[in-house]
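There are 2 protein chains.
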Amino acid sequence: MPKTDSPLDWGTRYAGRMAGMKASEIRELLKLLDQPDIISFAGGIPDPALFPQEEIANVYAQICGDRKVFDAAFQYSVSEGDAGLRRWIVGYMAKRGVTCDMDNILITCGSQQGLEFLGRMFLSAGDTALVEAPTYLGALQAFSAMEPVYDTLPTGQSNRTVASYRDNAAAAGGTAKFAYLVPDFANPTGRTLSVAEREELLSFARDLDIPVIEDSPYVALRYDGVDVAMIQALDCAATGSIEASRVISLGSFSKVFTPGLRVGWICAPKAVIAKLTLMKQASDLSSSAINQRVIATLAEARFDRQVAQGVEHYRVKRDAMLAALDTHMPKGVQWTKAEGGLFVWVTLPDHLDATALLQDAIEQARVAYVPGHAFFADGSGRNTLRLSFSLPSVQMIEQGIAKLGALVAQAL
Amino acid sequence: MPKTDSPLDWGTRYAGRMAGMKASEIRELLKLLDQPDIISFAGGIPDPALFPQEEIANVYAQICGDRKVFDAAFQYSVSEGDAGLRRWIVGYMAKRGVTCDMDNILITCGSQQGLEFLGRMFLSAGDTALVEAPTYLGALQAFSAMEPVYDTLPTGQSNRTVASYRDNAAAAGGTAKFAYLVPDFANPTGRTLSVAEREELLSFARDLDIPVIEDSPYVALRYDGVDVAMIQALDCAATGSIEASRVISLGSFSKVFTPGLRVGWICAPKAVIAKLTLMKQASDLSSSAINQRVIATLAEARFDRQVAQGVEHYRVKRDAMLAALDTHMPKGVQWTKAEGGLFVWVTLPDHLDATALLQDAIEQARVAYVPGHAFFADGSGRNTLRLSFSLPSVQMIEQGIAKLGALVAQAL
Chain A
817 MPKTDSPLDW GTRYAGRMAG MKASEIRELL KLLDQPDIIS FAGGIPDPAL FPQEEIANVY
877 AQICGDRKVF DAAFQYSVSE GDAGLRRWIV GYMAKRGVTC DMDNILITCG SQQGLEFLGR
937 MFLSAGDTAL VEAPTYLGAL QAFSAMEPVY DTLPTGQSNR TVASYRDNAA AAGGTAKFAY
997 LVPDFANPTG RTLSVAEREE LLSFARDLDI PVIEDSPYVA LRYDGVDVAM IQALDCAATG
1057 SIEASRVISL GSFSKVFTPG LRVGWICAPK AVIAKLTLMK QASDLSSSAI NQRVIATLAE
1117 ARFDRQVAQG VEHYRVKRDA MLAALDTHMP KGVQWTKAEG GLFVWVTLPD HLDATALLQD
1177 AIEQARVAYV PGHAFFADGS GRNTLRLSFS LPSVQMIEQG IAKLGALVAQ AL
Chain B
817 MPKTDSPLDW GTRYAGRMAG MKASEIRELL KLLDQPDIIS FAGGIPDPAL FPQEEIANVY
877 AQICGDRKVF DAAFQYSVSE GDAGLRRWIV GYMAKRGVTC DMDNILITCG SQQGLEFLGR
937 MFLSAGDTAL VEAPTYLGAL QAFSAMEPVY DTLPTGQSNR TVASYRDNAA AAGGTAKFAY
997 LVPDFANPTG RTLSVAEREE LLSFARDLDI PVIEDSPYVA LRYDGVDVAM IQALDCAATG
1057 SIEASRVISL GSFSKVFTPG LRVGWICAPK AVIAKLTLMK QASDLSSSAI NQRVIATLAE
1117 ARFDRQVAQG VEHYRVKRDA MLAALDTHMP KGVQWTKAEG GLFVWVTLPD HLDATALLQD
1177 AIEQARVAYV PGHAFFADGS GRNTLRLSFS LPSVQMIEQG IAKLGALVAQ AL
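Going down the list, the protein sequences come from chains A and B.
Heads up: the first sequence at position 206 corresponds to 1022 in our numbering, and the numbers run straight through without jumps.
Heads up: the second sequence at position 366 corresponds to 1182 in our numbering, and the numbers run straight through without jumps.
These are computed hints drawn from the structure, not numbers from a lab.
Check each hint, because a few of them may be wrong.
It does not matter which identical chain is used: a pair holds within one copy or between any two.
Unchecked claim - Computed list of lysine-lysine pairs in DSSO-like fashion (alpha-carbon distance at most 30 Å, straight line):
#, residue 1, residue 2
1, 1086, 1147
2, 1219, 884
3, 838, 1086
4, 911, 1091
5, 838, 1091
6, 1091, 1219
7, 1086, 911
8, 911, 1219
Just so you know, these numbers come straight off a predicted model, no measurement behind them.
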C-alpha cells in the first residue's frame, strides 16, 4: 500500500519566472463577450461577418478531396512552416519593401507566439525590454514571463539620452535587449509612426546597438492616407540587406482572414530564424499543417480582395465611432483618430479612473472597454481607456458610445 | 540619411538559455521522409492511411455550413480550450481511472507544448529534471531550453537512495523539480511499466516530494495484453483526489486521429491548470478553435472505433517488424517486444556505433532509423537505435529490416 503523505505544495515548486504571471484584464473581459446585452468595445476581435465562409468551406473540401494533399495536411510537418505559405509571405514582404527569401520566414501560432519566442530568445531575468507607453498588453505578458524590466522608448519624446538607457538597464542588473513597438495603428492607441519617427527610432536602436521588433498585425487595414514604409524596409534599404538589418518583423493573418487558424509569421535574418526554428520545434514541433494550407490557399486566391472588404467594412465602423464620440463625449475628453486598425484610444480628464469607471460601465451602462493602464508597463495611464470598433454593429457603436458618454459626463 | 553602422552580432544578444538549443537528429531525419526510395523507420509518424478522411471532410462541411458554429470556430477563443472537448476528455480520463472536471484540463498544441510549458513552469537554470535513460528526445529538447541538469530515474534499477538524488541536485546548484516518464509503450524503448513499478515510482516521488509528469501519447494503442493503470489514477486512488495528487498527465490526439491539428491536453490539479492557462495565454492566446471543434466532434463520434482500427492496423506492422528482426538480425542483437505504441528498441553489440552506422544505412541500404544515443540525456547508448513500424508498409518493413540486418551483420 502506497504512502499517502501530505499533498505537494505546488506554489513552492514553480520556477521564479512564474511569479510575474498573473491573470490579465483582457482575459477576464473576453468572458463578457458571452453576455448578449453588453456592448463590448473590449478585445481586438475581428468581425466574423468578414470571415470568408464559402471560400473556407471550399478550401477544406478541396484539401479533403485529394488524398495525397489531405495526408500531408493532417500529418506532422516541418517546424519552419508550410513552404507554399512561406513563399507567399516572401512575395508579400517584397511588396512592403523587404526583400527576403523563405529562410527568412518562420510560421508561428499567431503573432503572440512570435512575441513569446522573441522574449524567450533575448531576455534573461533583469534584462531591459524597451517598449512604448502604452503598448500591446499581450507583448508585456509574453515578455514578463522572462522576468525583464521595462524602460520607455523615446518615440514621441526625445529628452532621454542613449546613455541613460544603458545606465538604467545596468542598474536593473542586465542590458537593454530590444526595442518593441507596433508602428502601424498601434494597439492600444491607434497611432501610426511617421517615416521620420521610424528613422529616428532606427537611429536610436543603432546608437544603443539593439534589435528592433516591429509588430504589425493591422498594417493592411488602412482606411485613410497612404502606407508608411515598414521599419524593416527602411533598415534593409539603409544596410543593403535583411541579413544586415537589426529589425525583426511580426505578421499575422488573424486580422485580415481569421484568428481561428492561429497563423502568423516572423521575418528576420536567417541566423535568427534558424534559432527560432529550433525553439518552434522544442515548443510545439510545428504549426498545424492543415491550417497553414488553408491560409496559403486563401492568401493566394484573395488576399487583396479580403483586405479591400475589411477596409470598406471597418472604415464605416471607425467613422461611426469617431462621430459618436464627437456627439456624446463631454468636454475634456480626448481620443485618437486612427487611420487604420481596430482601436480608438480615449483620454479622460486626469481625475477620472477608467478602471473604477468600468464597473459602472458594465453594470449600469452595459458597455465594456479595456482600462488603459493595463497597457502601461508601469501601471500608469489610469485616466485612459481603449475602445475597439471592429466587432459591434454601427448601431451598437452609436448606442454604446452614447451610454459611455453619459456615464463619463455623470462621473465628471 | 540614416547611419549604416556594422551589423548586429546576434549571437552575443541571446539569453543564456539559447546556448543549449541545438539542431536535433530527429529534425534532420524528418527531411529524409521526402526521399521516396528510403525506407524510413525514423520518426514516430502515424500512418495517414488511418486518418479518417471522409469523416474529417464531413466535420468541416458541417462546421462551415452553420454560420453561428462557423463564426465561433474561426474566432479567437478561450485559453483553457474548447469546453466540449474538455468535457469529452473528462469522460475519457474517468474511464482511465482519473476522476476530474473541466478545470483540471488545459488544451495544448500537441503534447509537445505541454512538455515545454511544464519545463518552463518548474525549471530554473541548474535545477534537476529526473528522466529515464533513454527518454523521449522532444522532452529533453523542451526541458533543455530552461538550462536544467538531468539525473536518471530509478525505474528498472533501485540501487540509488533518495538522498543521493537530493545531493546530486544540490551539487548541480538547484533542486530536483520533477520526474518525467512515458510509462506506456515508451518512446523510444516501447517498454511499459508494470503496476508494481508505477507504485514504486510514486513512492519514490513521495519520498523526494516531487511532481510526476506522466506522458502517455500512445496509451490507447495496445496490441496485446491488458491496460496498466495510469500513474495518475494510482495516485488519485491513494490520495483520494486529483487535487491532492502529485501527478500531471499529458494526452494527445495525434497518434489516434491526426497530428496535423496539433491538439493535446494536460490533466492536473486545478491550481496547476490555472497557472498553465496563463502561460498558454501569454504563449499563443489559445489553440486553434476550429481544430479543437474538429477533434471534439471526431472524438465524440468515433474515438473507440478509431482506436480499434489503429490497433488492428499497427499490430500487423509490429508483428511484421518483430518477425523480420527474428529472421534477419545476426546473433548478439537484441530488441524489445512492445505491447503497443509505435517503436521497437534495438541494442547492438557493445562495440557497434549506431550513429556511425546510420550513414551507411542511408547511403547503402537506403534505410533510416534514429540512433539511440539521442534519447540519452548523457549521450550514452551509442550501440542502440530506435525503429518505428508505424509508417512503412508490411512489405517495406520486411525489405528494410532485411537490409538493416545485412548491414549490421557486415559491421560485426
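Going through the hints against the structure:
1. 1086 to 1147: neither (52 Å within a copy, 48 Å between copies)
2. 1219 to 884: between (55 Å within a copy, 28 Å between copies)
3. 838 to 1086: between (34 Å within a copy, 15 Å between copies)
4. 911 to 1091: Intra 26 Å, inter 42 Å, cutoff 30 Å: intra-copy only.
5. 838 to 1091: Answer is both; intra-copy 28 Å and inter-copy 8 Å each pass.
6. 1091 to 1219: neither (50 Å within a copy, 36 Å between copies)
7. 1086 to 911: within (20 Å within a copy, 48 Å between copies)
8. 911 to 1219: neither (43 Å within a copy, 51 Å between copies)
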